Amino acid sequence: GAVVSQHPSWVICKSGTSVKIECRSLDFQATTMFWYRQFPKQSLMLMATSNEGSKATYEQGVEKDKFLINHASLTLSTLTVTSAHPEDSSFYICSAGQGQTNTEAFFGQGTRLTVV
Amino acid sequence: GESVGLHLPTLSVQEGDNSIINCAYSNSASDYFIWYKQESGKGPQFIIDIRSNMDKRQGQRVTVLLNKTVKHLSLQIAATQPGDSAVYFCAEKGGSTLGRLYFGRGTQLTVWP
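Those protein sequences? They're chains A and B, same order as listed. Start counting the first sequence at 827; every next residue gets the next number (the numbering used here). Start counting the second sequence at -3; every next residue gets the next number (the numbering used here).
Derived from the structure by calculation, the hints contain no laboratory data. The structure displayed is predicted, hence computed values, not measured ones. Among the hints, a few may not be true.
Between beta-carbon pairs, the in silico distance windows are [claimed, not checked]:
| # | chain 1 | residue 1 | chain 2 | residue 2 | range |
| --- | --- | --- | --- | --- | --- |
| 1 | B | His68 | A | Thr843 | 44 to 50 Å |
| 2 | B | Gly12 | A | Lys892 | 45 to 51 Å |
| 3 | B | Ser22 | A | Asn877 | 40 to 46 Å |
| 4 | B | Ala25 | A | Ser909 | 34 to 40 Å |
| 5 | B | Gly91 | A | Ser909 | 48 to 54 Å |
| 6 | A | Ile838 | B | Asp27 | 27 to 33 Å |
| 7 | A | Lys846 | B | Lys38 | 33 to 39 Å |
In silico DSS-like pairs for lysine-lysine, Cα to Cα no more than 25 Å straight-line [to be verified]:
| # | chain 1 | residue 1 | chain 2 | residue 2 |
| --- | --- | --- | --- | --- |
| 8 | A | Lys892 | A | Lys867 |
| 9 | A | Lys890 | A | Lys846 |
| 10 | A | Lys846 | A | Lys892 |
| 11 | B | Lys38 | A | Lys867 |
| 12 | B | Lys52 | A | Lys867 |
| 13 | B | Lys33 | B | Lys52 |
| 14 | A | Lys840 | A | Lys892 |
| 15 | A | Lys846 | A | Lys881 |
| 16 | B | Lys64 | B | Lys38 |
| 17 | A | Lys840 | B | Lys52 |
| 18 | B | Lys52 | B | Lys38 |
| 19 | B | Lys67 | A | Lys846 |
A virtual CB, placed ideally from N, CA and C, is assigned to each residue, including glycine.
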């Protein structure tokens, strides 16, 4: 299957700083990518849809100024957690779809963010 | 988004037994469902999918059943192995955007030798 790679795998940052997470589709082009957030022992929550060349579409309740998404190319989307606080500590996962019809999304390996 | 939930948060089975993981969904218009396996600290891994025009789909050691009447999905794993131990999520397609998914709560499957 298609490969989606995230970087970094884990990051620790201080409160008030910003952190950027990258999501790359390695062997296919993705006009649309997705960002999820997962707290321990909970499910994945869809945060936003990242659209290449245009603004991201955020799910209800997700602060777009807090979670900045940029999708500048067909293989790269970035999520920046701005002014991070301990409650932003979570597992962030991206995915990208492939194909023209209903198909599974391929997921990155996730990024563990810890804000101290 | 619409909720997709699971009945059992944990399931323990003995190696070699069959496992059944259940999932209920609330959006009767959902037309595509996927089961994912997630190991600790990793991203979800695709297992099997099913469209709403099907009742059953089989893969290698796995079968997904879809009952649209009661809005229920199940994942059956045959001859469960220790390597199957993980959290299993069902997900439904969220709207018209391909790849956009809403996930259920998850079931922790533990396989004992």
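Hints versus structure:
1. B:His68 - A:Thr843: 44 to 50 Å: Holds, at about 45 Å.
2. B:Gly12 - A:Lys892: 45 to 51 Å: About 48 Å separates the Cβ atoms of Gly12 (chain B) and Lys892 (chain A), which means 45 to 51 Å holds.
3. B:Ser22 - A:Asn877: 40 to 46 Å: violated (27 Å)
4. B:Ala25 - A:Ser909: 34 to 40 Å: holds (38 Å)
5. B:Gly91 - A:Ser909: 48 to 54 Å: At roughly 30 Å between Cβ atoms, Ser909 (chain A) and Gly91 (chain B) fall outside 48 to 54 Å, so the hint is violated.
6. A:Ile838 - B:Asp27: 27 to 33 Å: violated (42 Å)
7. A:Lys846 - B:Lys38: 33 to 39 Å: Because 21 Å falls outside the window, the suggested range is violated.
8. A:Lys892 - A:Lys867: holds (24 Å)
9. A:Lys890 - A:Lys846: Holds. Lys890 (chain A) to Lys846 (chain A) sits at ~14 Å (cutoff 25 Å).
10. A:Lys846 - A:Lys892: Distance of about 12 Å is within 25 Å: holds.
11. B:Lys38 - A:Lys867: Distance ~13 Å between Lys38 (chain B) and Lys867 (chain A) Cα, so the pair holds.
12. B:Lys52 - A:Lys867: violated (29 Å)
13. B:Lys33 - B:Lys52: With a Cα-Cα distance of about 19 Å, the restraint between Lys33 (chain B) and Lys52 (chain B) holds, given a limit of 25 Å.
14. A:Lys840 - A:Lys892: holds (16 Å)
15. A:Lys846 - A:Lys881: Given that 25 Å is the threshold and the Cα spacing comes to 17 Å, the pair holds.
16. B:Lys64 - B:Lys38: Violated - the C-alpha atoms of Lys38 (chain B) and Lys64 (chain B) are around 31 Å apart, more than 25 Å.
17. A:Lys840 - B:Lys52: Violated, at roughly 49 Å.
18. B:Lys52 - B:Lys38: The given pair, whose Cα atoms are some 28 Å apart, is violated under the 25 Å limit.
19. B:Lys67 - A:Lys846: violated (39 Å)
Checked against the numbered hints given earlier, this structure breaks hints 3, 5, 6, 7, 12, 16, 17, 18 and 19; the rest are met.
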